[in-house]
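**Q** Protein chains in written order, with full-length UniProt numbering: chain A, 1 to 322; chain B, 1 to 337; chain C, 1 to 306.
Derived by calculation from the structure, the hints in this document are not laboratory data. Check before you lean on any hint, since a few could be wrong.
To be verified - Derived CB-CB ranges, DEER-like:
{"no.": "1", "chain 1": "B", "residue 1": "Arg149", "chain 2": "A", "residue 2": "Ala105", "range": "55 to 65 Å"}
{"no.": "2", "chain 1": "C", "residue 1": "Ile303", "chain 2": "B", "residue 2": "Ser273", "range": "18 to 28 Å"}
{"no.": "3", "chain 1": "A", "residue 1": "Gly199", "chain 2": "B", "residue 2": "Ala148", "range": "40 to 50 Å"}
Stated by the list, open to error - Each computed BS3-like pair below joins lysine-lysine, with the alpha-carbon atoms no more than 30 Å apart:
{"no.": "4", "chain 1": "B", "residue 1": "Lys133", "chain 2": "B", "residue 2": "Lys82"}
{"no.": "5", "chain 1": "B", "residue 1": "Lys319", "chain 2": "B", "residue 2": "Lys303"}
{"no.": "6", "chain 1": "B", "residue 1": "Lys133", "chain 2": "C", "residue 2": "Lys297"}
{"no.": "7", "chain 1": "B", "residue 1": "Lys82", "chain 2": "A", "residue 2": "Lys306"}
{"no.": "8", "chain 1": "B", "residue 1": "Lys93", "chain 2": "B", "residue 2": "Lys133"}
To be verified - Reference listing, derived: stretches of chain C covered by chain B, where coverage requires no fewer than 3 residues with Cβ under 8 Å from a Cβ of chain B:
{"no.": "9", "stretch": "204-213"}
{"no.": "10", "stretch": "292-301"}
For glycine and all other residues, C-beta sits at the position ideal for the given N, C-alpha and C.
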Amino acid sequence: MSAIVSSKPRNPTRLAVLRGLLGELWHDKAGFVGFVVILLIVAMALLAPWIAPHDPAAQNVIARLRPPAWLPNGDWNHIFGTDHLGRDVLSRVIWGARSTLLIGASVVLFSGTIGVIVGLCAGYAGGRVDSVLMRIVDIQVSFPGILMILLIVSVLGPSTLTMIIVLSITNWMIYARQVRSIVMSVRQVPYVEAAEVMGCPPRRIIFRHILPNLITPLLTVGILEFTNIVLAEAAVSFLGLGVQPPATSWGLDVASGRDYIFMAWWLITFPGLGIVLTVLSINLFANWVRVTTDPQEREKRFAYSKTARRMMRAASEKAVTQ
Amino acid sequence: MTREILLEVDHLKVDFASRAGLVQAISDVSLTVHKGETLGLVGESGSGKSVSAQAVAGLISSPGTITGGDIRWRGQSLLGRKGERYARSVRGKNIAMIFQDPMTSLNPLMTIGNQLGEGMRYHLGYSHAQARKRAEELLGAVGLSAPARRLDQYPHELSGGMRQRVMIAMAISCEPELLIADEPTTALDVTIQAQILELLASLQQQLGLAIILITHDLGVVAGLCARVAVMYAGRIVETGDVDTIFETPGHPYTQGLLRSTPSLEGTDETLLSIEGMPPSLINPPPGCAFLPRCPIGTDHCRKAPPMQDWNGSVVRCWKAGTNAWLPGVMLEPAAGL
Amino acid sequence: MGSFIVRRLWHGLLVVFGVSLTVFVVTRLFGDPVSLMLPLSASAEQRLAFAQQIGLDQPLFVQFLRFLGDLATFDFGQSLWQRRPAIEVVFERLPMTLMLIGAGLGTAIVLSIPLGMIAALRPGGLVDRIIVSTGLLGLSMPQFWVGLLLIMVFAVQLRLLPTSGMGTPMHLILPAVTLALTPLARLTMLVRSSMIDELNQQYVRTVKAKGLPFSHILRVHTLRNILISFLTLTGWELISTLAGYTVVVETVFAWPGLGLTAVQAIQRGDLFLMQAIVFVIALLIVLINIVLDIIFKMIDPRIDLN
């Protein structure tokens, strides 16, 4: 009964659901803060040309290695100080968000697409196709991760595009595994079996029955993978094999600040904080998504919450006074 | 019948915190178990019979908590700070428990022998070798073939019925006086069910064991128990001798339950279900919990009915003894009273 | 058991073959080893001679077979940078890396079990929330950044520890701490969550009903039962460390292990040395996976290796 009712598309209900979700997000303080920070970082990346106080590549030899504004010798013109070429650190941090988000989003999109296609083929075709594809997944999972990426990038020549391609073809396996297992289990659900027996075309089965079941788990995996990609990009750029100057990237800026570690702590600290804030807020938000989409996890989470404990204490006290 | 009293549960109350609110899983449960007797605890799922058993066995933990009443073993409380120390010496040794699902109730990564032996080593101070020897005897006693070989097997190598036998062997290993069996046959095949019940009955004979048998199956109660307590929505609604209650059920719910149970004689009476659903246990209204489903309920029932004697049983109903499902007909009190 | 090992070895062989094929395709089809390895100033004759020397004039198929043959005999060619066989350099540097991993990952393993267990004892409590948020923070920090911050604080400001290099045990502290960070955070979270799950298992209820004390349940039952997931993640972290974390951490602290060597080999266009490193690490990963599978079989009687 309820399934029939809820499958009817009704806009007001959807709005109510959205409002309900936002309300719950508000209750999970950490998840809410994470969500807001993500939005701010995305806005920062999109609006970089307008909000950055300086051109991130503009050098100024006279104003080299200026400390942040609040320190003696600081300059409010360069709030986070300047680097060894006199470039404005704040502007570079703002522009750096662009590389990070661009690479992160493209890699998740491309690797996700590859993974979903492979997973669908394996799960749907089954048999030999499945075992060959999954063997490839198993093998690639055992590759020596970053080392392999470094080797490939060094041969192809480092650039943002190389980075996106290489990270995409080395990170699709997790999606393939996830999609395959879901497809396998969904196909055994009676109504899908029935649809197949009735001769429903595969494309229709995939789009009507299988894809809707994939959305939530893929969302969770995609969000968490995004953080992995951000960290991988930062590491490879730090090693000098990722984003290349004159483009900016947080990892790259930390690397160039390394030579001035004895005198200019701000060169390392602020770009690094950019990475930490991005990854941390995504992690917090992802945590909330995972819990909210899993009713069991929700109840479990509640059982351990302060509210539950308060509730139980109140019940015992009431019993005593009675 | 003035046998020694082992266990007294006195107006026990257990609450659980949930996202939807405080669930009053059991709000008033009182039970007495004498030495060597079998008490059936009957009710629908969610009526609180398992929670009552777990409370006795000390298994209520967060988010649940005992918020009222008392549990006494041989007159001494098992609750409170002082009671807890006493409880530790009683539980597992004097009170043992077996569970519904034998598939998950054993540690999958430990051999049968070790799981059987650990209780004896802790409570009785047995050595490893002693415990192993006794474990083998126990496995034989519960009817497992090749007991010596079983000791080194893992749970996944045994069938469901065999695992329940292992659970029983484990429960009786420290020679308890009370065995709580929480739906011990529900998860098993029908043929195995009968064997397990037979085993319980014969062990009771041999060991003089008292048993609390929790079940939703009135047939099982009729076969095994001397006394029965019927639970509904977290309360005991009727308790008394099995024969009396089956003959002349006092509470409308008990009557409905009996009416919906097929009898073994196979007479062609029609089976009827009780319409409606058990009430939510979150903020239940005061008064009789069965009122919404009761055919003879009146406004008076909005006041909580007390437990009162009727025809040799104790019934929680203002109109105890009215034949609820055939209005206007009073049940005949059993002869000889 | 025997047939299981054969199958794992077969899988390992496939992994090594996959790595070879990928490296071969990338270096020979997409890249140009000659211009990669020779300086820009090299003349056309020098380039041709070098190409012939490493067999680039042969048909691709022949090249690939020779490539495989060289790998099978551990002949990775001469390191251009060190002017000696690449494999020699690898075996010289590998112990340094293993030492660093031993210290870092060892710390992570030893600390994660008590931390995770303390958190799991009272989920949602103050201690738990502190451990979980610290862990989440740890997972969000790039290792190279943490390493540099540690250098800034302990070496530059407080002058307590050396900034980089190796020699005294003091040199090991900062790189090991940095390396431990991510595995420690991840393992602690895993111990916590699997401990919570395990304590909610039905069999734990059985043990409680037997009247056994909580310490017994932890020691004899749950701790042992989370071992498989713990070892799985430990293996995974070991692999990630070997194939990635060490590269970054050794670079930050100038620790002369395999990771730093890899970065230096890339900077100098020393393709052969880089290939040798990748293969040795791939072999180690295969080995780790086989050992883990055997351990799992020993712990969990339910695992059917067939």
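**Q** Take the hints in turn and mark each one as holding or not.
**A** Structure-based check of each hint:
1. B:Arg149 x A:Ala105: 55 to 65 Å: holds (60 Å)
2. C:Ile303 x B:Ser273: 18 to 28 Å: Hint violated: Cβ distance 46 Å, outside 18 to 28 Å.
3. A:Gly199 x B:Ala148: 40 to 50 Å: At roughly 58 Å between Cβ atoms, Ala148 of chain B and Gly199 of chain A fall outside 40 to 50 Å, so the hint is violated.
4. B:Lys133 x B:Lys82: With a Cα-Cα distance of about 36 Å, the restraint between Lys133 of chain B and Lys82 of chain B is violated, given a limit of 30 Å.
5. B:Lys319 x B:Lys303: With a Cα-Cα distance of about 13 Å, the restraint between Lys319 of chain B and Lys303 of chain B holds, given a limit of 30 Å.
6. B:Lys133 x C:Lys297: holds (28 Å)
7. B:Lys82 x A:Lys306: Holds, because 27 Å separates the two Cα atoms, which is no more than 30 Å.
8. B:Lys93 x B:Lys133: holds (19 Å)
9. 204-213: This one holds; 9 residues, not fewer than the three required, reach chain B with a Cβ under 8 Å.
10. 292-301: holds (count 3)
In the structure shown, a violation is registered for the earlier hints numbered 2, 3 and 4, in ascending order.
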